[in-house]
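Trainee: Listed in order, the protein sequences are those of chains P and D.
Under my numbering, read the first sequence as residues 1 to 317, first letter to last.
Under my numbering, read the second sequence as residues 318 to 638, first letter to last.
Honestly, the hints are just simulated from the structure, not real lab data.
Worth double-checking, as some hints may not be accurate.
As the list claims (entries may be wrong) - Below, a list of computed lysine-lysine pairs in the DSS-like style, where the Cα atoms sit at most 27 Å apart: (1) K391/D - K490/D; (2) K43/P - K581/D; (3) K455/D - K314/P; (4) K490/D - K581/D; (5) K241/P - K12/P; (6) K277/P - K455/D; (7) K211/P - K314/P; (8) K515/D - K261/P; (9) K12/P - K74/P; (10) K2/P - K211/P; (11) K583/D - K2/P; (12) K74/P - K305/P; (13) K581/D - K253/P; (14) K283/P - K455/D; (15) K305/P - K583/D; (16) K261/P - K581/D; (17) K12/P - K43/P; (18) K314/P - K511/D; (19) K12/P - K305/P; (20) K511/D - K19/P; (21) K314/P - K43/P; (22) K19/P - K314/P; (23) K583/D - K253/P.
Predicted model only: the values in this text are computed from it and were never measured.
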Amino acid sequence: MKRNVIEIENLKTYFDVSKGFLRGGKDVVKAVDDISFEIAQGKSLGLVGQSGCGKTTTARSITMLEEKTDGNIKFFDQSQNKMTSIDDLSEDQIKNFRRNVQMIFQDPYEAMNPRWTIKDTILEPLIIHNIGTDKEQEEAVIEILKTVGLTPPENYLSRYPHELSGGQRQRVAIARALIMKPKFVICDEPTSMLDVSIRISIMDLMVSLAKDLNVSYLYITHDLAVARYMCDRIAVMYNGKIVELAETEELLKNPIHPYTKRLISSIPVPDPTYERKVYEITKQDLEEIENLSNNKDDLYEIGNKHFVSTHKIKGLL
Amino acid sequence: MKNILEVKNLNMEYRTLEGNVKAIQDVSFSIPLNSSFGLVGESGCGKTSVAMSLLQLQADNAEIISGNIIYDGKDIVSLNEEELRKVRWFGISIVFQGAMNAWNPVIKIGEQIREAIREHYPNNTKKDNTDTIQDLFKLVGLDSSNIDRYPHELSGGMKQRAVIALALSCKPKLIIADEPTTALDVVIQDQILKEIRKIQNDLGLSLLYISHDIAVIAEMTDYMGVMYAGRIVEKGPTKEIFANPRHSYTKALLESTPSIVGDKVKLNSLDGEPPSLMGKIDGCSFAPRCPNRNTTCNPEEKMELIEVSPEHFVDICSANR
Numbered sequence: 001m002k003r004n005v006i007e008i009e010n011l012k013t014y015f016d017v018s019k020g021f022l023r024g025g026k027d028v029v030k031a032v033d034d035i036s037f038e039i040a041q042g043k044s045l046g047l048v049g050q051s052g053c054g055k056t057t058t059a060r061s062i063t064m065l066e067e068k069t070d071g072n073i074k075f076f077d078q079s080q081n082k083m084t085s086i087d088d089l090s091e092d093q094i095k096n097f098r099r100n101v102q103m104i105f106q107d108p109y110e111a112m113n114p115r116w117t118i119k120d121t122i123l124e125p126l127i128i129h130n131i132g133t134d135k136e137q138e139e140a141v142i143e144i145l146k147t148v149g150l151t152p153p154e155n156y157l158s159r160y161p162h163e164l165s166g167g168q169r170q171r172v173a174i175a176r177a178l179i180m181k182p183k184f185v186i187c188d189e190p191t192s193m194l195d196v197s198i199r200i201s202i203m204d205l206m207v208s209l210a211k212d213l214n215v216s217y218l219y220i221t222h223d224l225a226v227a228r229y230m231c232d233r234i235a236v237m238y239n240g241k242i243v244e245l246a247e248t249e250e251l252l253k254n255p256i257h258p259y260t261k262r263l264i265s266s267i268p269v270p271d272p273t274y275e276r277k278v279y280e281i282t283k284q285d286l287e288e289i290e291n292l293s294n295n296k297d298d299l300y301e302i303g304n305k306h307f308v309s310t311h312k313i314k315g316l317l
Numbered sequence: 318m319k320n321i322l323e324v325k326n327l328n329m330e331y332r333t334l335e336g337n338v339k340a341i342q343d344v345s346f347s348i349p350l351n352s353s354f355g356l357v358g359e360s361g362c363g364k365t366s367v368a369m370s371l372l373q374l375q376a377d378n379a380e381i382i383s384g385n386i387i388y389d390g391k392d393i394v395s396l397n398e399e400e401l402r403k404v405r406w407f408g409i410s411i412v413f414q415g416a417m418n419a420w421n422p423v424i425k426i427g428e429q430i431r432e433a434i435r436e437h438y439p440n441n442t443k444k445d446n447t448d449t450i451q452d453l454f455k456l457v458g459l460d461s462s463n464i465d466r467y468p469h470e471l472s473g474g475m476k477q478r479a480v481i482a483l484a485l486s487c488k489p490k491l492i493i494a495d496e497p498t499t500a501l502d503v504v505i506q507d508q509i510l511k512e513i514r515k516i517q518n519d520l521g522l523s524l525l526y527i528s529h530d531i532a533v534i535a536e537m538t539d540y541m542g543v544m545y546a547g548r549i550v551e552k553g554p555t556k557e558i559f560a561n562p563r564h565s566y567t568k569a570l571l572e573s574t575p576s577i578v579g580d581k582v583k584l585n586s587l588d589g590e591p592p593s594l595m596g597k598i599d600g601c602s603f604a605p606r607c608p609n610r611n612t613t614c615n616p617e618e619k620m621e622l623i624e625v626s627p628e629h630f631v632d633i634c635s636a637n638r
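Pulled out of the complex, with its shape left as it was, chain D reads as follows (with noise of 0.2 Å):
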């Protein structure tokens, strides 16, 4: 099969005046054609840092120490501004977290889109760029009355679905959606997720989605990476990774949802924080939280992934329990 993105052990830092945070540590993953990808974790595990990093929108004390980015057979790592300034919108595209609330307050919605098209495609003219706004918003299930209104007149749930208009609108190959749904209330955020879902099947675009939410990934992706204080530590089929969670972390991530199907369960909870990610990190970061923890375990191994099925993979320490 043909991965639209692969990426290769990379490693990302912030420098900060305390000394650097290991926000990304050798993460790897590829994401096949037309097919979507999941990663979830909690806050500050560094689903966001590999969103930004994929399209080069990272902070400006944020450095890749190593490692590569293959879009379209580009490292993206390597691109200077300008090839950069195709691949993203054209090749891919970010719904941010929030971005409802990104909008310009003064400046019609469907102006703020255009002046996007106008930037990527300067040879069209009005008539093709209004054309364009229109078939984007019947895309999204939004009334083409929105073009001319300003945000405040639009609700939460049409502001989130003229954003996924706004990261359609120069036909990108891969949509990365950070969150897109976590301001939303359950409704409107099942629509959302429809609409996603409709728009990449139509499409035939590829999606990495980002979701603390692993109810919500089971639902919308093929195949998912499980993150935890900056590295994946399973990844694989989604199905397989429900079916036979490996590692400690997914379990906990597992045991902790709440259901509204089948019989009311006991959830567990997972004490402890994640540790800080600042100065050195050798071996299993889960260690300390990690509830089946055993006198076998060397928290001092060096952590990478194991095939433990086809195309599963967990941290060696999970594999070989």
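Extracted from the complex, chain P is given alone in its bound form (with noise of 0.2 Å):
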């Protein structure tokens, strides 16, 4: 059994959207309403839901971009050869936990700086974290280039992100994240931008980089059929919950929430003879799940490591 390199406990990020204590009342939007999961070494899950589920939200909230409002997130620290909680950390512990924890987005032509060569930008992050002497940092970028696939590495060193195409760009915003050699990549969307010829690529990269390095993902994305392609295990969300999380495979042919069900039924398919059928959640359905547990408050297993959540979820007929 592999170790776990992160594990959430109800993780809780709630927003406020009062409008003011004259108009009375408080109100929250509960982007992430008490989700748990974890994700073992070299391992891969995918968070899969609708725009506005609470995908990139509990990203933030992982990242400590964005303050959690409950629960607890715990990364295992190899000084101590112990899980640890992201609360308890002292400032140097966090620097550590930002080494180990990196993030790759969506959008490769947003996420640098124009001004930057592509040296600067993958180096950015060893000087922050002071990290080895000015050849050795060299070195290292030269290194990361060659295994992000952008040989050979000096005809990149000086260019700008506007003379890379969009795959390219994908590739430095990678190289970027594991200069650090973390030991967690969140990926928000990574090839959502990239045409179809050339998703393969990256996802075939990330992939392998995977294996070499031992680098486990939280692979964020609303395609369940790239979910299928990257990841060891999907979670599925909706509203702020996980509605149900398996391997993947097991999760795409025999899924148990009216969700899933719908959300695998949305999916076009390469296939003009395939018959694909909408699945239409009825009251029924969520009344059966509904009823398959009376305990609430965790995700109910049905067997072979295949979770589902019994919670009356609104908005979903």
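Two chains, each in its own frame: build the complex with the hints.
Mentor: Quick look at the structure:
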């Protein structure tokens, strides 16, 4: 059994949207509402759901870009050889945490400073964390460019982002995330802006890097077909909650929750002879799920490490 | 079968300071009445340039070098501005890529649609127009309360539905949909696609559907053309192309698209990038990336489409393979 890299326990992130004290009442948006999952070393978890379901807020809460309202985020601390809550970290440890947790964003066009060369872009994290001498830093940049398939690296060092194609830019973004040798990388729709022919090469690159460097991914996407290709397990999110979590093929072949069924049936199939039928959620289906278990706090395991939420979820009908 | 639109040997160039960009090269296709035609290809292959030239909405620096666009027996390329106005909206209307962000934020949605109708039917009474808008909203599955809403009060999917209502407002015969669901998530995309298909059937419209997603093309279209570097490299009935893809680029597109059904298969990527469309282009522009290139290939050979089975055309190099 591989050790966990990250464990999320009952994470809640609420946003206050009250309209001021004179209007009365306190309004909150429960962007992330009591979710738990863990990711083992070298494994990837897909976080799948519609726009606005809380996928990105989850990612931002884990990386401390957003302050969580409640819950616990535990990260494997190498120096102490145990799982440590990020709330208990000292300033130095937070720096260490940030080294080990990196993010790759959706839009490679906006994620880079247009006035910085590729070398500056990839070098920045090394400078911030004060790692190595100038010479070592430059060698590290050359090495990582090779790793992400931008060869020969010398051709890229002094170029600017606008001189690169979308696929090349996303490779630079991956290089920048991986140069810190992180344990855990959060990818927020990293291929949705890329053309199909380039998309696969980026996905293949990420899969092979995960194997070689033993990196774990949290892979955020709204496209289950992409998640199927990338991830060992998939968590389906709706309205701030995880409604179902299982091994990828198990989830796709044997979906339990009506929302998962709906989501799967909404994906276009690249086969004109395939008669896709959209699954319509019925009241009966929802009641059946709610009656599976009385314990509404945790996900209910139907066996085979396949978990489903028995919560009453609003807005599905 | 009667065609609603025929594009014949269309060539279009963009004039830029660095030189001329051959965005559309020798593109020919036709859309049979009441059916749908899909154009698929990666960014920059010329899909949107084709859509824009069909309505003569191309950028100022674009010039149609040669070719005809025959709609309803008339050549759109030679029409003057007044005649064009009649073809636009009444004949052909378009749903742009990311059109949901094109609404004027300070005017109510209904008012913006009313403006378009008033422009084209100046004799209608206000009551007529209100009725029309209500019917349109019903058609695209929007509640009529949204007529008096501002764009920011609607979600992305609702705004896109309203754009489709706008495109239908003057009862066109052909709708061009240029990546109408690209910015939307899968569930909303599915609803919009269903809506477009339903409207197309109910109103007997013809559809030109443009997308980079071959899965969407599979579901939406009867006929399709695969575009690469400004040319159509393969075209024919959608089912036939999916069953018997002949061009290496079509095969590459199919092999690189992940699917949710069937067994998990290894996908293949396509290395390299599309060529620059500037300057002189001879022969097969796909040759540098072609996985099936062999010694019998002659990249200098002038490309033309050859019919390999009924209605199925492919570039000469792949036809002989």
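Trainee: Now tell me if each hint is right for this structure.
Mentor: We went through each hint and held it up to the structure:
1. K391/D - K490/D: 14 Å, holds
2. K43/P - K581/D: 18 Å, holds
3. K455/D - K314/P: 25 Å, holds
4. K490/D - K581/D: Outside the cut-off at roughly 41 Å; violated.
5. K241/P - K12/P: Since the Cα atoms of K241/P and K12/P sit roughly 10 Å apart, the hinted pair holds (cutoff 27 Å).
6. K277/P - K455/D: 23 Å, holds
7. K211/P - K314/P: Given that 27 Å is the threshold and the Cα spacing comes to 40 Å, the pair is violated.
8. K515/D - K261/P: This hinted pair holds, its Cα atoms lying about 23 Å apart.
9. K12/P - K74/P: 14 Å, holds
10. K2/P - K211/P: Status holds; Cα separation ~14 Å.
11. K583/D - K2/P: Holds: K583/D and K2/P sit about 26 Å apart, inside 27 Å.
12. K74/P - K305/P: 21 Å, holds
13. K581/D - K253/P: 11 Å, holds
14. K283/P - K455/D: Roughly 25 Å separates the two Cα atoms, so the pair holds.
15. K305/P - K583/D: This hinted pair holds, its Cα atoms lying about 25 Å apart.
16. K261/P - K581/D: 18 Å, holds
17. K12/P - K43/P: 24 Å, holds
18. K314/P - K511/D: 24 Å, holds
19. K12/P - K305/P: Within the cut-off at roughly 23 Å; holds.
20. K511/D - K19/P: Violated: K511/D and K19/P sit about 38 Å apart, past 27 Å.
21. K314/P - K43/P: 32 Å, violated
22. K19/P - K314/P: The given pair, whose Cα atoms are some 23 Å apart, holds under the 27 Å limit.
23. K583/D - K253/P: 18 Å, holds
The structure does not agree with the numbered hints 4, 7, 20, 21 stated previously, though it agrees with the rest.
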